[in-house]
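J.: Single-letter residue listing:
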Amino acid sequence: MMNLKQLALATVFAVGSSLPVMAATAFVSSEKDNVISIIDVTARKLVKNVKVGMRPRGVLLSKDQKVLYICTSDEDHIEVLDLETLKITHTLPSGPDPELMALGPKGRILYVANEDDNMVTVVDTVDRRVLDEIPVGVEPEGMGVSPDGKWLVNTSETTNMAHFINTATSKVEGNVLVDSRPRVAQYTPDGKEVWVSAEIGGTISVIDAATYKVSHKISFKIPGIRREAIQPVGIRITKDGKWVFAALGPAARIAVINAKTYEVEKYLLVGLRVWNLALTPDEKFIVTTNGVSNDISIIDVEKRKVIKSIKVGRMPWGVVIK
Amino acid sequence: MTKNWPLVMAALMLTALVSATAVRAQSDVETVKMGYITQKSDAHIPLSLLEPILEDSGLQGARLAIKDNNTTGKFTGQNFLLDEVIVPANGDVLGAFKKMAADGVRLFLVDLPMDKLLAIADQPEAAGALLFNIGANDDELRNGQCRANILHVNASRAMLADALAQYLSWKQWREIFLVVGKTPADRAYARSLKRAIKRFGLKIVAEKEWTFEATSRRTDSGHISAQQEIPAFTQGVDFDVLIVSDEGDEFGEYLSYRTHIPRPVAGTHGLTPIAWHRVNEQWGATQVQRRFNKLSKRWMNAKDYSAWIGLRSIGDAVTRAASGDVAKIAAYIRSPDFQLAAFKGVPVSYRAWNGQLRQPILVTAPRILVTVSPQKRFLHQFSTLDTLGYDRPESTCRIER
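As they're listed, the protein sequences go chains A and B. Residue numbering for the first sequence follows our numbering, beginning at 1 and increasing consecutively. Residue numbering for the second sequence follows our numbering, beginning at 1 and increasing consecutively.
To be clear, the hints were calculated from the coordinates, so they are not data collected in a lab. Any given hint might turn out to be false.
[Claimed, not checked] Taking lysine-lysine and the BS3-like style, the derived pairs with C-alpha atoms no more than 25 Å apart in a straight line are:
hint, chain 1, residue 1, chain 2, residue 2
1, B, K376, B, K171
2, A, K171, B, K67
3, B, K74, A, K150
4, A, K303, A, K45
5, A, K87, A, K322
6, A, K48, A, K284
7, B, K40, B, K182
8, B, K376, A, K221
9, B, K74, A, K171
10, A, K308, A, K266
11, B, K74, A, K213
12, A, K260, A, K305
13, A, K217, B, K328
14, B, K376, B, K74
15, A, K242, A, K260
16, A, K213, B, K182
17, A, K171, A, K106
18, A, K48, A, K311
19, A, K32, A, K311
Looking at chain A on its own, in the form it has when it is part of the complex (with noise of 0.2 Å):
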């Protein structure tokens, strides 16, 4: 039976009106179905898939998370995805192939990382215009702004590099060598640190934000899982700074990782080719997109572990929450 808040929510939908206050709210892109799959998180259901654009990959909330961000990667655009009526407002422009992006500081700024052709794009979310080209390695991919958002890592797949990048300059000021294909890049939240995950290396390169210095290399190691299975991807860091937890691909773990001692504490089993996750606000849960399971599950972070899996549209890719 219903309960009252699924009644509303049947009705809302029905009537194609806006979406209620949830507690937790994720966004789901389906690369190979074309939707964004809207899940309320704290009733562990799916509510809607939206028909967006072809091959949406990364996805971002607006600072004001009124919109949602959308790299529809074989459209070479970016669509905007107005969370009150459900509906692609408007496209800005990203250059070819958009794979992941980063908000600037007071959120006007998005940069972009198109793997086509080397640059991260910078462009205005306001004028909708393309502001400048930063040329940076081979296949540019994760992108990561520092607490203060004064830099822009960016980290190049086949180049093999994090790209350090002064954001009131655009200039690429240092360069730091990482394992095979790097793809995420997130800096702690006291900004002294940024974890880029090397998904063919198999590993997460620690590097000190001051210096561009490898300071620890994290590998990792599952029972019964071959070392080439384990392609880590995906990585969130908690508020507090102590923990990180990282998306581990066709190993379908996610790795739970003291921030301090940077030993891995914790494998939880997820679904299969696990790349993207993301917190709730209050952080009492993970939701993890599992490509090759075509569903999510969502992690109880207190007590470490995986409660539910939700089926989401095909090869789900990336993941928001607000």
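With the hints as your guide, set chain B onto chain A.
T.: Below, chain B alone, put in the same frame as chain A:
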């Protein structure tokens, strides 16, 4: 103990090198010269009119790799140059090689048949050089005819045959009708196929040589003769799959849909094991496919892919070793730490015992990817990729001192 000594040395050297490169001063630009040597031969003419006749296979892959290496080199102060030499059909290959060596080239991509590759490798000028074979897929080069200064980037015939046989074994399509063309290359591939068929529990129920003369690609009413010839040729035997060995692409294309009983065709035609193909869009392959297409205005093929891997192997070694020194580059590439991302989901590396690149093999239909071998059920003590081709205990190559 003594046997593992070179490995330990390489590992030690590598640790030292990597820590030294964490941040590299971008002051002096180091130039790394690489050579590409091939000989003009009659262009391969595909039977299907839809397939383009290519004269720059391999070369375009090398050019893309140089571009990629230089994009990275911008950040490390390294500059990569490619010396392209296409020897005329009746020209002097050894002379051309010696001239390149005299010009200071020590790192070579070689797109030549086995005899010419070996002639180069055995020159005194090649002693301190590193040759990347992208043109000869002979199994002998991975066995008795191996050389310490050659790395084989392209897949051997044995690797391709094993990749196909593993999939057929998984499908339990075990009874094979083998059809072999007339050329020495066709017979060589048939030998690799027979080895694979035995290795993976399949069985040859019939074997026939294709004895018709090669037809021209444009023949009016050509389909009528094929429609008559092939049912008769394949009559009188029951089988699960017809495997064809026709490396020259002279008749294999005719077999599908024309066999006496309704059975799939595999091998050089139909379901084909191959190192690279336009159909691969997974594991980030889209990016390299698009980059290649933008540069050369055509699709990347297996030889282009081998050339790209060869030069990217060098590029990666130069970046990580922060050195253009051939001995250091070779030591790194051969070390257990070398792992190159190659758009196939797992790192590729070179086998210590015969210099062969271990890599997954695509098994594909002409328009869509069917599977990728090794298949999951085939396990291996060290790397499942070593279930393809000549494994350490099987290879008669002894370059691992």
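J.: Each hint: holds or not?
T.: These are the hints, each one checked on the structure:
1. B:K376 x B:K171: holds, 12 Å
2. A:K171 x B:K67: holds, 21 Å
3. B:K74 x A:K150: Since the Cα atoms of K74 (chain B) and K150 (chain A) sit roughly 23 Å apart, the hinted pair holds (cutoff 25 Å).
4. A:K303 x A:K45: holds, 20 Å
5. A:K87 x A:K322: Cα-Cα ~18 Å, so holds.
6. A:K48 x A:K284: holds, 23 Å
7. B:K40 x B:K182: holds, 23 Å
8. B:K376 x A:K221: This hinted pair holds, its Cα atoms lying about 20 Å apart.
9. B:K74 x A:K171: Measuring from Cα to Cα gives roughly 13 Å; hence the hint holds.
10. A:K308 x A:K266: holds, 18 Å
11. B:K74 x A:K213: holds, 19 Å
12. A:K260 x A:K305: holds, 22 Å
13. A:K217 x B:K328: holds, 24 Å
14. B:K376 x B:K74: violated, 40 Å
15. A:K242 x A:K260: With a Cα-Cα distance of about 6 Å, the restraint between K242 (chain A) and K260 (chain A) holds, given a limit of 25 Å.
16. A:K213 x B:K182: violated, 60 Å
17. A:K171 x A:K106: holds, 19 Å
18. A:K48 x A:K311: Judged against 25 Å, a Cα distance of about 11 Å means the pair holds.
19. A:K32 x A:K311: It holds: about 14 Å lies between the C-alpha atoms, which stays within 25 Å.
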